[in-house]
Amino acid sequence: MKFSLEWLSHFLETEASTAEIAAALNAVGHEVEGIEDPAQRLAGFRVAEVLTAAPHPDADKLQVLTVDSGDGQPLQVVCGAPNARAGMKGVLGLPGAVVPSNGMELRKSAIRGQESNGMMCSVRELELGDAHEGIIELPEDAPVGASFADYHAASPVFDVAITPNRPDCMGVMGIARDLAAAGLGTFKPVEVPAIEGGYDCPIEIRTEDPEGCPAFYGRVIRGVANGSSPDWMQRRLLAAGQRPISALVDCTNYLMLACGRPAHVYDLATLSGAMVARRARNGEQVEALNEKTYMLGDTMTVIADDSRVHDIAGIMGGAHSGASEGTTDVLLEIAYFDPERIGVTGRRLGLASDARTRFERGVDPAFLDDGLALLTDLIVTCCGGEPSNVVRAGAPPAKTKRVAFDPALTARLGGVEVAPDEQRRILEALDFAVAEDWQVTEPLRRHDIEGPADLVEEVVRIHGLDKVASVPLPRPANENGWGVARPTATPTQQLERKLRRAAAARGLNEAVTWSFLPTAQAEHFADGERLWVLDNPISEDMKAMRPSLLPGLLAAAARNADRGLSGSRLFEIGRRYFRGKDGASDERATLGVVLAGAKAPRGWSSGKAAPFDAYDAKAEALALLEAAGAPIANLMVMGEAGDQFHPGQSATLRLGPKNVLARFGALHPATLKAFDLEGAVMAVEIFLDAIPAKKGKPAFARRAYAPPALQAVTRDFAFLVPTALAAGDLLRAVGGADKQAIVGARVFDVFTGQGVPEGHKSLALEVTLQPGDKSFTDEEIKAICDKVIAAAAKLGAELRA
Amino acid sequence: MTSDNEQKIAATLERLHGTQDLAGIEAIRVEALGKQGWLNQLMKTLGKMSPEERQVEGPRLQGMRTRISEALDERKATIEAAELERRLATEVLDLTLPAPEAPAGSVHPVSQVMDELAEIFADLGFSVATGPEIEDDWHNFTALNMAETHPARAMHDTFYFPESDAVTIPASSSEAVGEKRRMLLRTHTSPVQIRAMVEQGAPIRLIAPGRVYRSDSDATHTPMFHQIEGLVIDRDIHLGHLKWTLETFLKAFFEREDIVLRLRPSYFPFTEPSVEVDVGWRDVDGRRALGGDGDAPGHGWMELLGSGMVNARVIEFAGLDPQEWQGFAFGVGVDRLAMLKYGMDDLRAFFDGDQRWLAHYGFSPFDQPTLSGGVGARA
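The listed protein sequences derive, respectively, from chains A and B.
For the first sequence, my numbering begins at 245 and goes up steadily by one.
For the second sequence, my numbering begins at 256 and goes up steadily by one.
Treat each hint with caution, since some may be false.
To be verified - Straight line, CA to CA, 20 Å or less: simulated EDC-like cross-link-like pairs of lysine to aspartate or glutamate:
#: 1; chain 1: A; residue 1: K825; chain 2: B; residue 2: E454
#: 2; chain 1: B; residue 1: K435; chain 2: A; residue 2: D830
#: 3; chain 1: A; residue 1: K711; chain 2: B; residue 2: D513
#: 4; chain 1: A; residue 1: K843; chain 2: B; residue 2: D609
#: 5; chain 1: A; residue 1: K643; chain 2: A; residue 2: E455
#: 6; chain 1: A; residue 1: K843; chain 2: A; residue 2: D857
#: 7; chain 1: A; residue 1: K742; chain 2: B; residue 2: D622
Bear in mind the hints are in silico, worked out from the structure with no lab data behind them.
Here chain A stands alone, though its shape is the one from the complex:
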């Protein structure tokens, strides 16, 4: 909300400077978003009189003026305006003044050889309007030598943000009351004139919707002339950012901005029959003042006569019955509308207005008669006319709220000691009635006061939040008193932190991608789960909640490829969103990895760029699972990574047949096509919620261990196996052949081709045997080797000769 200092001083007697007022506004909770000070901008401009005007000797379009600027000594000024002439009064910018429109500083200079000591200004140069035909002409009585800012009554304009709980401050009067309470001056309540109606109101007013419109007051004024409003009013409205329209409309806007009280003026000639506040009928239509037509419903309150709807109550008037140039007789409406209902109607219609903003937050129920009297007075002053008696239908809510207050609560909740007398003074300055026993009755306009805490807020904000001293939060104590801070992270948080840094340490870059995806992408990764799809997405690309972390990472990898980056190694730790029990959401912590483009760029040693393959994905999956504390040795590599993956180059890692801890591998070409990705792309998804928690109490001591004293022995075996036999199966069989002695088995060669029969492959294994407390004998080693060969044979593996 914007208002000028000049308007504020109408309600507040104060000596405070602009800066002091701004500080006070911030301090009491009306955040100052800007201050515009025209006096500063107009510094150095004065009212001046042109004494003589003569043609410039060397320029056709210029004149040389002598100007009286009030200093006694006439100044010579060169001027290009055709309307400059002897005897006129205008605005002179002196050397040093800065022209508001272009920021240029005026200087003493010579123009075509003639000395010039300033500039006579146009309306546009001073940013007072658009006119630029010639210089400003001031009335004859303008005092020569006066500062133009003073003459123009330029007043600083404050732009403040009013919080939604304070509709009473959506008018200058309310702000003045707050400032006065904060000690900035004396509040000058508005003087409500006593208006004598000359005749009975000729139009009937009723409310048939006492819930939506409990009170509807009005009166007629006959014989008004709707011209333009007076200068003083226009100046205040303009400062508030409100364009003057016509005197009648300006008067209602003025009342709203001055007192926070919206009102409406109907052209009596457009009405027929009684004006009734009632529910709209479903499907009823009205063209509002903004020239848009609205379809109404039966939850909405309207003001209508026999023929049509004239007003969407409390939100916007109708186009047909508003005041126009030819209006002579008017009906004034001052009503009280139910805030909640106004809000619902406004949202349903998608219609915002200054009136709605105030009504839906709650106007002052005690200000109907006063508001009507003030509006009548304004209109009669500006437009003339004969007011009727007032008619009143219904009554506004009048039930006052009382709060039992304990002034000690201010210190207990607000953390600042304020003397009870001062607390009483503050509350009373804000119009609260404070009884001897601290029963506090709030003014009706303060809809926001619900309980004692609200009164604490009133006291503290007026007393000054800056007086609240910092008090250390007691350090959390344990049974033994103060101590070292305890660990606070949950196991899930610890797991995520560890994994994040493990992934980064492996050369992956952490990304944070949107939780929502284009529906098609989400469906591609849904695996049969029902998705969460937004009703009102910001765009179609952000519509469905992700069932996988991979689409977001793939889209990021695609963007990186589009930027010409050779490769992406991205990971993200975040949630996937599924349906849980009872319709709630089931959000599962997940880690996703995408490896796209070149694993290593072309280098001098190999010459070729290396692409990623599924083993890179496996390496990430296992390393990260290990970092997560999963029992790596017990994991099984199984199929069914999902349709999104290459069927022959992807797998799941499971603990038991059902519990899938991760999936990894190369993505399916169809997936890559959907993301416009070229070349092979690898992915890993680790389901953090599937990783079994460590059993038992956390312990620090490791399992006892001493490195074996005796050296391990290795033996190599080359097996001929059917092509389809998984190397992992052979390794597991071999490793299990003698669990005591065999501590490791690794594949060191995989070969097909010459010497290997069709349908077979050769797998070469290195088996490590660890002796216990004495070395193996040759016989013992042979026995173990025989067991290895026998175990392999069960899988159809044959020792190569």
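With chain A's structure known, arrange chain B on it following the hints.
Relative to chain A, chain B alone:
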């Protein structure tokens, strides 16, 4: 005989000096010191000598042997050194060629800052709580004192799920049975306050970081961003504690002692009194950097976070007795804190996954925030 031997030695040493390879040295060694070598033959004559003669000849011959064998070793070492030098001279690598690259990974600024905050607040005894991002409107609004018709609800730019996704409170629940709750994306982390109070009771000290959503998108707003919520509920917590906590946290986070706060009265439905918190900034190379009194010349105030004393109705909604329990809550943007501390200026880049941006603004995995090392990671 003596001079004869001396001549032999001189000749041997001279030949040795001219020898350029190890084979030549070996030949000389065999000739002199080998089984059939002349010096060895001479040594054998010692046995036939009288003790007096032997006493003279023994040490002399031994001395000759030592001289030759030392000369042999010395020459051998010289030749070996020369050979090694020659070989090394052929083994030159161009070490200006690049070494094999190990890609450097990074931690996202949002994660880093969340870790930093968790560290700071752990020291103040705040645990970390989480809650669902897909929330119901009771937890996101109603329980936070925003009734269905509350104007503040409309100001939240909420993403909703269809009416058909609404949850119905089951008959077994003690809360409003059969009540329908609309599902939405949480607009703030505040619903975690409610869940924590309901589940843990009081007293309570927690922070709740996480993703939040508003249907808003422009240069400074993204439809998804991160917030951190703070909540303290106890018996005698007041605004002064809130002020101290915020000061302490911001000083620790920015590692500056000159952080100055300005508290302004404000309005949030879930707090009463409500306080908006500005932080003083000063100009550093054309950027607003936090620190210093905002009222000092050339300085200013920056709105940073919203806070207040938890509204008694919220405490009641969460099932606690507001006569017994009171406390404060605050909420602050994590992305915003990251930008202010580490100097990014485009929020949208946070969520783009540009590898170059991640590598530049991301953090080394080894920059784990610790209190003893300072939670911030230096540039």
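The hints, checked one at a time:
A distance of roughly 18 Å separates the Cα atoms of A:K825 and B:E454; the hinted pair therefore holds under the 20 Å criterion. Taking the CA atoms of B:K435 and A:D830, the gap is about 19 Å. The hint holds against a cut of 20 Å. About 19 Å separates the Cα atoms of A:K711 and B:D513, which keeps this hinted pair within 20 Å; it holds. Note on A:K843 and B:D609: the hinted pairing holds, with a Cα-Cα distance of about 17 Å set against a maximum of 20 Å.
Of the supplied pair hints, the one linking A:K643 and A:E455 holds, its CA atoms being roughly 15 Å apart against a limit of 20 Å. Proximity of A:K843 to A:D857 is assessed by CA-CA distance (about 9 Å); at most 20 Å being required, the pair is judged to hold. In summary, the hint linking A:K742 to B:D622 is supported, as the alpha carbons are separated by about 13 Å, within the 20 Å threshold.
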